[in-house]
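J.: These protein sequence lines map, in sequence, to chains L and E.
Numbering follows our numbering, in which position 172 of the first sequence is assigned residue number 172; successive positions increment by one, without gaps.
Numbering follows our numbering, in which position 41 of the second sequence is assigned residue number 41; successive positions increment by one, without gaps.
Think of the hints as simulated: they come from the structure by calculation, not from any bench.
As the structure is a prediction and not an experimental result, all values here were calculated from the model.
Just so you know, not all the hints are guaranteed correct.
[Claimed, not checked] Listed below are several chain L residues computed to face chain E (Cβ distance under 10 Å; list not exhaustive):
{"id": "1", "residue": "T207"}
{"id": "2", "residue": "T209"}
{"id": "3", "residue": "I217"}
Quick reminder that beta carbons are idealized off the backbone N, C-alpha and C, glycines included.
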Amino acid sequence: MVDFAIYALTIIAVWAVMAISLNIQFGMTGLVNFGQILPFAIGAYAVGIATELDAPWWAGALAGLVAAPLAGLLVILPARRSSQDYWALITLGFGELFRLTMLNVPSIAGGADGVTVSRLGDRNLALGLSLALLLVAYLAAQRIGNGPLGRFLRVIREDEVLAATLGRNPMSYRSTVTAVSWMMAGAAGVLYAYVIGYIAPTSFLVTDTFIVWTAVILGGPGRNIGVVIGAAILILMSVSTRFLADWSGLPSDLVANLRLALFGLVLVLMFLFRPEGLFPETRRIRDVDGR
Amino acid sequence: MFAMRPSPSQPGGRVIQVLVNSIIYASEIAIIAVGISLSYSILRFANFAHIQYAVVGGYATYVGVRLGLPIVAAVAASAAFVGSLAILIDVLVFSRLRAIAPEGKMIVSWGVALFVRAIVASVFGGSAIILETTTVPIRFGGAIFTSLDLIVVLSTVGFMVLLHVFLYRTRTGSALRALASNYDLAVTRGIPGERMIRLMWFISGAYAAIGGSLIALETRLQPNMDLIILLPVFAAVTIGGLSNVFGAVLGALVLSLAQNVLIAVDFGSLVGADPWFVPSQYRDYIAVLAMVVVLLLRPASARRAVA
């Protein structure tokens, strides 16, 4: 039971980093990224490929941390002047392309069979690393959110034209946000690979992107602590699927599907009845005098 | 490698075969794509749940066949069912969110998609279902296709002509186009906006169901068929300019042609080496590539009005 609690906490921390990373993009800046699983997958596969090449562990980790933000900048490039519909489609498309490449080209990382990575043997160490990453991501996101950068990101989110008339280039801010948040997601992917010890294309489906989205919408877009709690709630539901299946006697894939249905329902219901999330973003109102 | 692709012996047969394959695939994609353009043109958001309407349509046809309906009746019943489902989802979800930003609606539509997909997978299970049909191979001008392919193409063409006549030759169709070009003005002039939106949902849902059924007949039913049709359908809609209904048809044709030509060309022989083809699972790359190219070339296309 203690082992399971440690495992659950580790996985929650990893996905909470994903939620924070999406929160910087969507909650703060208004970027609709439907391929959030891509940087995560890149981080995980960097570890997998490094393992295949017998490279040391830090080489894979470093490769993931560098490749994820670079991929983000490449993806944002074609979507530069387009509306959010297209940005969503392009990120979704690139995420799927990466998964399909890994599935169809077995020489890179085992194709559908995936790669086995040497797992972190010490469970407590894995938990410690995940919590440390979560703390770093949270502090970084808080710093961005509360500083002048975050203030301007919110201006972009609310009114891009206004942001441009203030003499700054919204696109360069978006690029910064993309690089930072994709690096976070890449780091989460690296850690995920070392915690789970196995990487395969089925772990990086479009559905997984939407679990992160549900976490952000549930917790409260724009509020870092909110999305962390949102992720915690959803991942607790996910990891307890096995127990629910045992307890109810239903087949586990049925329980897994019903869980996904519940996630979809949560996403829709939040939009209908509480669009600001469980923990709404605090409104920042300032007098001109600064009082 | 050669044996894997149909390549008739007559000279020029390969070219015709590529054209025929492109038209068949484009038909399956186009009939689903028009629904996305239709809803985008009036409500201004990309409805990701639309793909699930096609999947539900395929499964509903399967249920109809299992209940003993002839296949045509089963498809018709499925179209009516999914059209009503699209209206129901609008009444329960989208109609309450008319005022929010398009990004919000797009995210909500993913929530709906996730829900519908999970329900379909719960009810029908994860394994593939094959709809049995008897098909006759047809040879025409050096190309080979089946009687089912012919039915797929003819029914898509028929339904497109029907949609065109409806949109351009009837008062109701004009009203829909008026709503697409300027919603507020059209409503001010007495067009019943909400009622027309429900009609629009019925049409796009029914067309998606027909498309999903055609794909189910041509290939097979499985819950993850949504991922297989998602990229080509959205690529077709993007190429066509999102809100342009018949642009989506053109987009499907262009995309399908690009995909089939690229996987049919022997690139190896072109550079004087052994025969080498692009593996057919790379179709999706062409779809995403097409979206990226369209974005780079005409980023303003998102704001164009209906056909």
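J.: None of the hints should be skipped; say for each whether it holds.
T.: These are the hints, each one checked on the structure:
no.: 1; hint: T207; verdict: holds, 7 Å
no.: 2; hint: T209; verdict: holds, 9 Å
no.: 3; hint: I217; verdict: holds, 7 Å
Every hint from the earlier list agrees with this structure, and none is contradicted.
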